[in-house]
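**Q** Residue strings, one per chain:
4 protein chains.
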Amino acid sequence: MGVIVVNTKAYEEGVGDRAVELAKIMEKVGKEYDVEMIIAVQPCDIYRVANETKIKVFCQHIDAIKYGSHTGWILPHAIKEAGARGTLINHSEHRMKIEDIFSASRIASQIGLERIICASVVEIASAVACFMPEYVAIEPPELIGGDISVTKAKPEVVSRAVEAVKKVNEKVKVLCGAGIKDGKDVAKAIELGTEGILVASGVVKAKDKEKVLVEMAEAMVR
Amino acid sequence: MGVIVVNTKAYEEGVGDRAVELAKIMEKVGKEYDVEMIIAVQPCDIYRVANETKIKVFCQHIDAIKYGSHTGWILPHAIKEAGARGTLINHSEHRMKIEDIFSASRIASQIGLERIICASVVEIASAVACFMPEYVAIEPPELIGGDISVTKAKPEVVSRAVEAVKKVNEKVKVLCGAGIKDGKDVAKAIELGTEGILVASGVVKAKDKEKVLVEMAEAMVR
Amino acid sequence: MGVIVVNTKAYEEGVGDRAVELAKIMEKVGKEYDVEMIIAVQPCDIYRVANETKIKVFCQHIDAIKYGSHTGWILPHAIKEAGARGTLINHSEHRMKIEDIFSASRIASQIGLERIICASVVEIASAVACFMPEYVAIEPPELIGGDISVTKAKPEVVSRAVEAVKKVNEKVKVLCGAGIKDGKDVAKAIELGTEGILVASGVVKAKDKEKVLVEMAEAMVR
Amino acid sequence: MGVIVVNTKAYEEGVGDRAVELAKIMEKVGKEYDVEMIIAVQPCDIYRVANETKIKVFCQHIDAIKYGSHTGWILPHAIKEAGARGTLINHSEHRMKIEDIFSASRIASQIGLERIICASVVEIASAVACFMPEYVAIEPPELIGGDISVTKAKPEVVSRAVEAVKKVNEKVKVLCGAGIKDGKDVAKAIELGTEGILVASGVVKAKDKEKVLVEMAEAMVR
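Residue numbers (our numbering), protein chains in the order written: chain A, 1 to 222; chain B, 1001 to 1222; chain C, 2001 to 2222; chain D, 3001 to 3222.
What the hints contain is simulated information worked out from the structure, not anything from laboratory work.
None of the values given here were measured: they were computed from a predicted structure.
Every residue gets a Cβ at the ideal spot worked out from N, C-alpha and C, and that includes glycine.
Mixed in with the good hints there might be a few duds.
[Stated by the list, open to error] Just some of the chain B residues that point at chain C, by a computed CB distance under 7 Å:
no.: 1; residue: 1027
no.: 2; residue: 1033
no.: 3; residue: 1095
no.: 4; residue: 1097
no.: 5; residue: 1098
no.: 6; residue: 1099
no.: 7; residue: 1124
no.: 8; residue: 1126
no.: 9; residue: 1127
no.: 10; residue: 1130
no.: 11; residue: 1131
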């Protein structure tokens, strides 16, 4: 079963009530098409989304800390208790020290949080795969935030990342983390060997979110 | 009216259900003694505490961002929407760049979040007072997290911080941000010219939280 | 006596032999026009420039450390021993935590290094002036690195920064840290109340560095 | 041929004239015992040590930058021009973002600087080996800076790191980066499969530096 991860970032359209509404649409589409849906929200929205929907809620980041004196850092245990099922780690907008990626990943694993570790290039995808996360999301910088989609750009970086990650550990799944605009891109990402996608503005800022999600889900299960 | 700010940090005793319970005790004691109570919690606990109690909920940190592509950073607008009334800034466990202190403080002000900016020494207290926050919390490093209380240590740093901050702007209130263990310390802090206290383990890790809060509130209104 | 501070950044034209050559030109022009010349170079170039010229060499940054286990951080004592006479602190390309600005500034002062602390806006200029550096350089973001010069843009931010800094401490000198392209800009900066300029590409990337420096020095002493 | 890397950190005993003196002793001992000697110094000391001795001089850190507007960051091209032959990357006292480790490592490689990337645990050693540096230095946290030496502590972490790194790429050499106090520790490190050591206070703070270096070099070639 493919997975669609929607990252709401700090978009106005993905905060508070809008995060809950989006999660409800995702829940509906996911059920209809048998596609796993994950929404990654601001930490303050985890509790609401987890309580008002049944889809998996992820945090967008965690810090490499355990219970203690860590004012203002995001505590994995706290987001877990609020209802989070996993977290993004090392997103391109929140790069982390390698030691912290390792530690945060280990703490998450210990308390049962799933991990999507992001990586920009094949070498870094290999490197973070050494930490045995559930997912590695490959985000080629040339595809991030621009208008270029993975179907148009040279897609070798994605297929090479899949190969590199699987060489480290076959169980680690690869997500296509950039360049996804529509169903065609999703189909291409799956064709390139990824097992899902990580998408943000393409869904969160869409006028008709359900339509976009349906298109993507259809492309995934085809 | 004096103010008691309780920072739950990432303490196990101050997360999730325990954050809500603590906030309820604070609400009760605050009402009884006419002391303003503020609880600063992990971002994922803001929504619950804001919805289940009437005391002011603060975030422990915000990032200097507005709506946009800022995955994993704490968005002031999001915590506001979740119910936060203010935030700590530059806590000793989360020091910030001066530019970010200024920007975060300005963004908070624009959307109506109160600000407690922390400072370790008199010169830094003066500096952050230039950003016109509601509060500056002075946290002398020699008093942080140790067993030394402000009543026993030389308290000049606190009174000098009050003087320095008021010289920059009379409206900025000063909190005593370290060395507070009991009612005597609160009385001393008020005597030194502060208008409230910022406390963490002294309350959060206390066996009888209500008793400690009552003692502190009594000392504040005496 | 006005001061011209040239920051070579990490420009190819300002590293190694080229740093030494530039410093020699600055020495010559400075002597001719009785203008103080300071060159801020990469740490690895301090020793050479200090030994081959007589102008003041500054480091572009120091870390807030003393002798000890601080691998890879820039030790103020080491650059001092290599011949540095001062340092930039909190440059717009290297923003620092407020605690580190304070500590680095204090360490520099203790060992006799002069300090130029950079600030982007009036409020931050006031704040860093509280740390009593020799200089505050005001770098309005709208003037940095662009084609807009301080003579064309609204210059109130510079004159207001001068006023704000002098209000904190009259002895702190203000430099105009952005928007300086030629002699006219220097004259304007002085007219606005600054006591010198901090310039980078305008000099370092100029084809005829001596000509530009002469023009700036002339404008300063006129 | 084994390699001894001496990191002078920010130790008073390893700065300026003392860095040059230490490098001269290393040069002498290295020649006598046919052991490669590398000294990693503060950036401002690279030029002198490179010009006054023939041993390889490394920087203690580089930033992931090329020529450009990067005030105050350590430019790989600049330290190369000053005489550096390589650099430490991600030392335990200067942890870096994974993207910066990759980029700094790639830039260094492009301009002919050798790289020693540090790692605290086996998983991170594997990860950084994916970036194909000349060396990975394993620094088990339980051995850093303490009195415990690698001969006394359970040494599995070192031999497992060697195995893990070689599995990624056989050409990457492993250094024992902590727990080295004397000749016995060096012999143990070599026995565990490393091809050299990274040492700091054990040499830099020794009263008789030559004696310690001779003992270590002897142990290495035995």
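**Q** None of the hints should be skipped; say for each whether it holds.
**A** Verification of the hints:
1. 1027: Given a least distance of 34 Å, the restraint on residue 1027 (chain B) is violated.
2. 1033: violated, 35 Å
3. 1095: Check passed: Cβ of residue 1095 (chain B) comes within 5 Å of chain C, closer than 7 Å.
4. 1097: holds, 5 Å
5. 1098: Holds: closest Cβ of chain C sits about 4 Å from residue 1098 (chain B), inside 7 Å.
6. 1099: holds, 5 Å
7. 1124: holds, 6 Å
8. 1126: The hint holds - residue 1126 (chain B) has a Cβ within 7 Å of chain C, the shortest such distance being about 4 Å.
9. 1127: With a closest approach of 4 Å, the residue 1127 (chain B) hint holds.
10. 1130: holds, 4 Å
11. 1131: holds, 6 Å
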